[in-house]
Every structure is written in structure tokens, then in C-alpha cells.
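Undergrad: Residue-level listing of the chains:
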Amino acid sequence: DAMVIQNPRYQVTQFGKPVTLSCSQTLNHNVMYWYQQKSSQAPKLLFHYYDKDFNNEADTPDNFQSRRPNTSFCFLDIRSPGLGDAAMYLCATSREIVTSAYEQFFGPGTRLTVL
Amino acid sequence: GNSVTQMEGPVTLSEEAFLTINCTYTATGYPSLFWYVQYPGEGLQLLLKATKADDKGSNKGFEATYRKETTSFHLEKGSVQVSDSAVYFCALTMDTGRRALTFGSGTRLQVQP
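Here the protein sequences line up with chains P and E, keeping their order. Numbering follows my numbering, with no gaps: position 27 of the first sequence is 27. Numbering follows my numbering, with no gaps: position 89 of the second sequence is 89.
Everything labelled a hint here was simulated from the structure, so no lab data went into it. Note that this is a predicted model, so its numbers are computed, not measured. Hints may be right or wrong, so weigh each one.
As the list claims (entries may be wrong) - Part of the chain P face toward chain E, derived, beta carbon under 7 Å:
(1) Q41
(2) A42
(3) P43
(4) L45
(5) F47
(6) G84
(7) E103
(8) P108
Unchecked claim - In silico BS3-like cross-links for lysine-lysine, where the CA-CA straight-line distance does not exceed 27 Å:
(9) E:K68 - E:K52
(10) E:K56 - E:K68
(11) P:K44 - P:K17
(12) P:K38 - P:K17
(13) P:K44 - E:K68
(14) E:K52 - P:K44
What the hints assert, rightly or not - Chain P is faced by these chain E residues, among others (derived, beta-carbon under 8 Å):
(15) L44
(16) L101
(17) G104
(18) S105
The C-beta atom is built at its ideal place from N, Cα and C for all residues, glycine as well.
Using the sequences provided together with the hints, build the complete structure.
TA: Laid out in C-alpha cells, this is it:
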């Protein structure tokens, strides 16, 4: 089945130790998104890629970076995780930039714990 | 800016009860509106959507009507099942400008047998 896969599902890191979260998709979609979802809060968009074009949200901290080496894969790098970065990180894809016509497909998320 | 407000949960119902989860929005312009559902351990899935005023989205027995006059998109189901237990997110997007989804904070539904 075509899907969005995130690895690992659970990640534990230490304060200040760089961590990378992975997302892959078999949908061949042009757009990939990273959201941060803290407990009992709405998912918040961090950035998205339209093909190879990177689009950063204005309030995304510089501590967060992303890479998209090819259509299928997208990585979220957190350079120096702080306790406030503990959250669920959701990857999503859509065929084109989301409008009413294009659904976003979400992966199961990676829950990040910072010790 | 755009925002979505949902009723706080958890909402606890008995099987076959009627469900309403309230959602209101603030947007400049005319958004498209969505309900997403997140089952335990899974990603968000699109449940239904409506793209213009008075549209009704429906899927799996769930319905929501886009009410421009009250800026609302309340989710309803006539008879819930235990398998409907999940977190439900209301969201909007604009068809121009910044086209990302803006989510509400989610409402957890617990259905008891």
C-alpha cells in the first residue's frame, strides 16, 4: 500500500545532542511537510518542501533544519534539542500544495523525548 | 491570522449516542474546512471536507456543514461506535496565499460499550 512512513516511532535523545528524524513516502507526491505537535495542542507546521524548494515558516526556530535528498525521503534535523522540543513530529505529503482539492496524507509520527 | 477553535475533550459517550464536536474558525477570506481523525498509534486521516458555504461533508456516518454565518463546522454522528474512539481535529486552509493547514487543538472522543 502507498503510504507515509516515519522512523523511528519513538526517539530518545539527550539535551543538546543532535537528532535526525526520517520520513519516506511511496505516493510520489511533490510536497512534503513537517509538523510539530506538543501534548494536547494543534499540529504546527515547521516547514515544507515543494519538490526541492524549501519553505520555512517564519516562527520555526533555527535549531530545526530539513533535508530532502529525493522525492521519497525527507529528514528533520534538530541540531541542539532542548527540553521544549519534546513533542510528536508528524510528516505529511500532498500531491500539490494543499488546497481544497489536495488531501494531506500523514505518517504515524515520531515521538521525541529529550532527557 | 487564521485560527480554529474546538471544544475541549475528552468527550465520553456510550455506544449509539449522538455525537457533536464543535468547531469554529476565524479566517480572512473563504477557507476550505476539514475534519481529520487520529486513531491510537496512527497518523491523521482525512475524515471529511467542505470547500464552500452550505456544503456538507460526509463520510463513515459523520457529517459537518460549512456555516459561513456562524463561522462553524461542527462534526456530528447519529450513533457512535466504540471503534470511533479517536482524536478529532478540525482544520482549515485558504486557496490563496499561505496554503498550509491550520489545525484546532483536537478533541478526544471516548466511546464506552
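Undergrad: For the restraint on P:P108, tell me whether the closest CB of chain E is nearer than 7 Å.
TA: Holds: closest Cβ of chain E sits about 5 Å from P:P108, inside 7 Å.
Undergrad: Identify whether the interface hint at E:S105 stands, where standing means a beta carbon of chain P within less than 8 Å of its own.
TA: holds, 5 Å
Undergrad: Does the closest beta carbon of chain E sit nearer than 7 Å to the beta carbon of P:E103?
TA: holds, 5 Å
Undergrad: Does P:L45 meet its interface restraint, that is, does its C-beta lie within less than 7 Å of any C-beta in chain E?
TA: holds, 5 Å
Undergrad: Holds or violated: the hint that P:P43 contacts chain E, with Cβ atoms closer than 7 Å.
TA: holds, 5 Å
Undergrad: Classify the hint on E:G104 as holds or violated, based on whether any CB of chain P lies nearer than 8 Å to its CB.
TA: Cβ of E:G104 sits 6 Å from chain P, so the hint holds.
Undergrad: Min Cβ distance, P:F47 to chain E: is it shorter than 7 Å?
TA: Hint on P:F47: violated, closest Cβ of chain E at ~10 Å, above 7 Å.
Undergrad: Does the interface hint hold: is E:L44 within less than 8 Å of chain P, judged Cβ to Cβ?
TA: holds, 4 Å
Undergrad: Identify whether the interface hint at P:Q41 stands, where standing means a beta carbon of chain E within less than 7 Å of its own.
TA: holds, 6 Å
Undergrad: Given the hint that P:K44 pairs with P:K17, does the C-alpha gap stay at or below 27 Å?
TA: With Cα atoms ~23 Å apart, P:K44 and P:K17 stay inside 27 Å; holds.
Undergrad: Is it true that the CA of E:K56 sits at most 27 Å from the CA of E:K68?
TA: Judged against 27 Å, a Cα distance of about 12 Å means the pair holds.
Undergrad: Between P:K38 and P:K17, does the CA-CA distance stay at or below 27 Å?
TA: holds, 20 Å
Comparing the model with each earlier hint shows violations of hints 5, 6; every other hint is respected.
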